[in-house]
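> Each chain is listed here by its residues.
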Amino acid sequence: MIPKLMQSITLPVARTEASRRQFLLGALAAGTGVAIGYRILSASPALAGEAATESGSHAFSPYLTIGGDGKVTILSSQFEMGQGSYNGIATLVAEELDADWSAIDVIGAAGNIKAYGNIAFGGTMQGTGGSTSMSTSWERYRRAGAAARAMLVAAAAAEWGVDAAEIAVENGVLSHPSGKSGGFGAFAAKAATMPVPADVKLKEPGDWKLIGNAELKRFDSARKANGTEQYTIDVKLPGMLTAVMIHPPLFGAKAKSFDASAARAIKGVVDVVETPRGIAVVGEHMWAAIKGREAVTVEWDETGAEKRGTPELMSTYRDLAGKTPAAFARKDGDTDAAFTSAAKVIEATFEFPYLAHAALEPLNAVARRNDDGTIEIWGGHQLPDVYQNLASEIAGVPVEKVRLNVMKTGGSFGRRAVFDGDVVVEAVHVAKALGFRAPVKVQWTREEDTRAGRYRPAYVHRLKAGIDEAGKLVAWSDHIVGQSIMAKTAWDGMVQNGVDPTSVEGANNLPYAIANQTVGLTTTDVRVPVLWWRSVGSTHTAFAAEAFLDEVAEAAGRDPLEFRLSMLEPDSRHATVLKLAAEKAEWQKPLPEGRFRGVAVAESFGSVVAQIAEVSVDGDGIKVERVVAAVDCGLAINPDQVRAQVEGGIGFGLSAILGEEITLTDGKVDQGNFDMYTPLRIDAMPKVEVHIVASANPPSGIGEPGVPPIGPAVANAAFKALGKRIRVMPFAKSLNA
Amino acid sequence: MVTVKINGVEHKIEAEADMPLLWAIRDLVGLTGTKFGCGMAQCGACTVYVDGSPTRSCQTFIGDIEGAEVTTVEGLKGKVAETVQAVWADLDVPQCGYCQSGQIMSATDLLANNPKPTDADIDAAMSGNLCRCATYHRIRAGIHEAAKRLEA
Chain A
1439 MIPKLMQSIT LPVARTEASR RQFLLGALAA GTGVAIGYRI LSASPALAGE AATESGSHAF
1499 SPYLTIGGDG KVTILSSQFE MGQGSYNGIA TLVAEELDAD WSAIDVIGAA GNIKAYGNIA
1559 FGGTMQGTGG STSMSTSWER YRRAGAAARA MLVAAAAAEW GVDAAEIAVE NGVLSHPSGK
1619 SGGFGAFAAK AATMPVPADV KLKEPGDWKL IGNAELKRFD SARKANGTEQ YTIDVKLPGM
1679 LTAVMIHPPL FGAKAKSFDA SAARAIKGVV DVVETPRGIA VVGEHMWAAI KGREAVTVEW
1739 DETGAEKRGT PELMSTYRDL AGKTPAAFAR KDGDTDAAFT SAAKVIEATF EFPYLAHAAL
1799 EPLNAVARRN DDGTIEIWGG HQLPDVYQNL ASEIAGVPVE KVRLNVMKTG GSFGRRAVFD
1859 GDVVVEAVHV AKALGFRAPV KVQWTREEDT RAGRYRPAYV HRLKAGIDEA GKLVAWSDHI
1919 VGQSIMAKTA WDGMVQNGVD PTSVEGANNL PYAIANQTVG LTTTDVRVPV LWWRSVGSTH
1979 TAFAAEAFLD EVAEAAGRDP LEFRLSMLEP DSRHATVLKL AAEKAEWQKP LPEGRFRGVA
2039 VAESFGSVVA QIAEVSVDGD GIKVERVVAA VDCGLAINPD QVRAQVEGGI GFGLSAILGE
2099 EITLTDGKVD QGNFDMYTPL RIDAMPKVEV HIVASANPPS GIGEPGVPPI GPAVANAAFK
2159 ALGKRIRVMP FAKSLNA
Chain B
17 MVTVKINGVE HKIEAEADMP LLWAIRDLVG LTGTKFGCGM AQCGACTVYV DGSPTRSCQT
77 FIGDIEGAEV TTVEGLKGKV AETVQAVWAD LDVPQCGYCQ SGQIMSATDL LANNPKPTDA
137 DIDAAMSGNL CRCATYHRIR AGIHEAAKRL EA
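Heads up: the sequence lines are chains A and B, in that order.
End of the first sequence sits at 2175 in the numbering used here; the numbers just go up one at a time, nothing left out.
End of the second sequence sits at 168 in the numbering used here; the numbers just go up one at a time, nothing left out.
Looking at chain B on its own, in the form it has when it is part of the complex:
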């Protein structure tokens, strides 16, 4: 058994130590905003924060994170996150939307650490998040717009 806090709520997870956090979140805790895309940290759809850092939950094993604080898209809070989410809707960034939980997690982390990212900063920070609909053009625009709104 492993105890982790997910979105501020303590969960005692009954699972083998090698179970990826992704499947614990989805299949045991029942939060579905975090998505499965590849299972080998290639696509970023499963991005969550573990103790505040963006982490690929498909390659994070439950036995390694006893006592950790996990934040999923459902638990994302604060001015930066809410601005990013509002901009995503205002600019109609998503198409199928499947990767967007991961994109939002990465974009929020980028803006929290770099309030005025350049295109190059965005490309560097977001290149781990695949979007098969290729909404990249609007993801870039969305991050710039969120930066502008946060500065105001």
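Bound-form chain A, shown alone:
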């Protein structure tokens, strides 16, 4: 039923083979072409029209409306979870429109694949992931801005009776040498009726005022500093009820029976209903629902549930890692022969735990059936077409009767891009179980959010390297053991020859000239649900490769930076960012007493990032003092937001290796809240410097690529500081071993 999804992927621009491969993998991270498994949406709510009606403004295209007050509202195909996609898209539109930056707003759009389909995913589905928001928007939203500008100019030319070519546009104002001038608002109504130009000429880079402008500020920062930004949790509807979930305590368990009599007696508890995903306790408000939940007793059917714990799973993984891989993702040269003839062979095993996304806004969604029979859902719709289809099936209404309101969310890091709809379908299930008698917000508690699965999978890597007499790396093998994110899901078609590309990305595309190398994969069958987690495969592959490479350099008696550069083309992107980071961090200069440094470089989502970490010894462990990053992400649309994403990516990656781990005991998740699952706090955040390589290439990813290098850079510095190799995450496990 589901065709091979690879066929649906087309690339927007010609790229080199290496980056093309990476680009495809980037696309995968959000689940390329999943809509193929569902009905393709034919009808589309005229969203721009709706937005126009609601705000009293005028639709120029599915991408923007302009009000009589001159306010420009952009309809974004890309979801905003903090990564700045709205700001990037606003920059593209405002640049070509010559708009007033202070008169810009952006809202989320959905329900029109033709307009909003992600070009990096082949255009067949809308979705945010794989750090593709800027690459998919680069042409589309600049053209939308330029088209609207031309329509405004045409309207003004008609009104003034002048030649359109004589009209200038600047900062939201049209003017003519005769002295006539007027704001966008004065011409919006007329301009919106003008024909949309079939072709528009985009500005030359030399004429850009906003694109590439490092001084440009995000349009949405002030509202986040005064508490007025609205997230899914803030949705308020007349008569709305709030539900909390009781999910099965084991993955794969189901409710057999439940007793809600005590819960129903609690003041404010409205109902307790069963859904295919668990029991929902519905209250007049959140606190009533939480109290009600404590009073519900559930008997679970644990037949077929996952009952293994972390120690058993990791022991199995370690055993498998020592055996022949089940599949291969790369085979170059003759690795066996090269190991046999190598002067020195070293081996190491790296272990990575399950990780929770732990976005600060626990998952939530709001569902309502309107009087006209439409189902309306508010949420962090990272894969809107999927959710629209699932909701249509659950509610039993045609897909065009499902309307999505795309809310901004308090983080996501991949968590809101799920093939089964997760909390979004729960909201529809609960509303349906209530007979659609009221709008309902399903709001997970922190504990539900932590324990509901969809983790970065646990992995074990077994690495082996051979060096020759001259200290040259001649043989390399990496055997990866862990769960597949895409197998047995709607994305199953992406798994080819036993290789889920998200399991091996970052391992099977090493940039180094190594004549003999193999990357093997053994996929495990575990019922713990897994998912993409900011930077996906590279969260573990880059660590294993770049930390082990340091061990190889050590064994060869070579400087880790020089060793890497010796295996790279001098003008390659990898060499360029390495050299830039080294220059800014003064790699050649000795550090003060008590400071140690490590380097790592990784390519992900079409971008390459090098990082040099400086650490000091802190008790039994280390403190990361400073990180110098160099990034090549193609053209930086918003340089300051590129810096922000790399700063945050460093914190996010550091958080994982220093203190994050989901463990299971007899199948049950041990962690629930931030007392046990412990993301990075400010006192562990290093000083960060980000340097951007000037580039005229089309923009590539930036939301994720800052994450992968930090772990190995810090691990390599930690070895210098402590003399111990960090091979088991989180760090403390290696230090206490």
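Keep in mind the hints are simulated off the structure, nothing from the lab.
Errors might be hidden in some of the hints.
[Said to hold, decoys possible] Straight-line C-alpha distance at most 30 Å; calculated BS3-like pairs for lysine-lysine:
no.: 1; chain 1: A; residue 1: Lys1655; chain 2: B; residue 2: Lys93
no.: 2; chain 1: A; residue 1: Lys1674; chain 2: B; residue 2: Lys21
no.: 3; chain 1: A; residue 1: Lys1910; chain 2: A; residue 2: Lys2027
no.: 4; chain 1: B; residue 1: Lys28; chain 2: A; residue 2: Lys1674
Mind docking chain B on chain A? Use the hints.
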């Protein structure tokens, strides 16, 4: 029934005594700037001032604060708060922004009590506020910048 003043306005809250102030503010009073992140005083997203002191509203119970004066991010006023908020926008500190109400409440309180905090002071005062986007680098820079502007 409990009477509390929220942002200078008196509210008579009809709720069980064990209802956390967080849910009274959000679900009964209808102010949404104060966020839910953990429910056990671990993340700081729900930080408000109770009688002037930064307090985790998810672990403050309505029955315990009869007559209290509560300030949420919506009611934050004064030179220090306004400077912090202006700096947050000028430095583009927020990413998703969800934790930032709590960060602003804590940062404002820090600067009100310590006009020239060091990095160590900042880390100590702000380590109760989680930011999953890890905007910590800019939070630190933002507090230093606000201190500089307030001194001028």
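> Indicate, hint by hint, whether the structure satisfies it.
Cross-check of the supplied hints:
1. In summary, the hint linking Lys1655 of chain A to Lys93 of chain B is supported, as the alpha carbons are separated by about 24 Å, within the 30 Å threshold.
2. Under the criterion of a C-alpha separation no larger than 30 Å, the hint pairing Lys1674 of chain A with Lys21 of chain B is consistent with the structure, at around 23 Å.
3. A hinted pair counts as satisfied when its Cα atoms are at most 30 Å apart, and Lys1910 of chain A with Lys2027 of chain A qualifies at roughly 25 Å.
4. The straight-line distance between the Cα atoms of Lys28 of chain B and Lys1674 of chain A is roughly 21 Å, inside the 30 Å bound, and the hint therefore holds.
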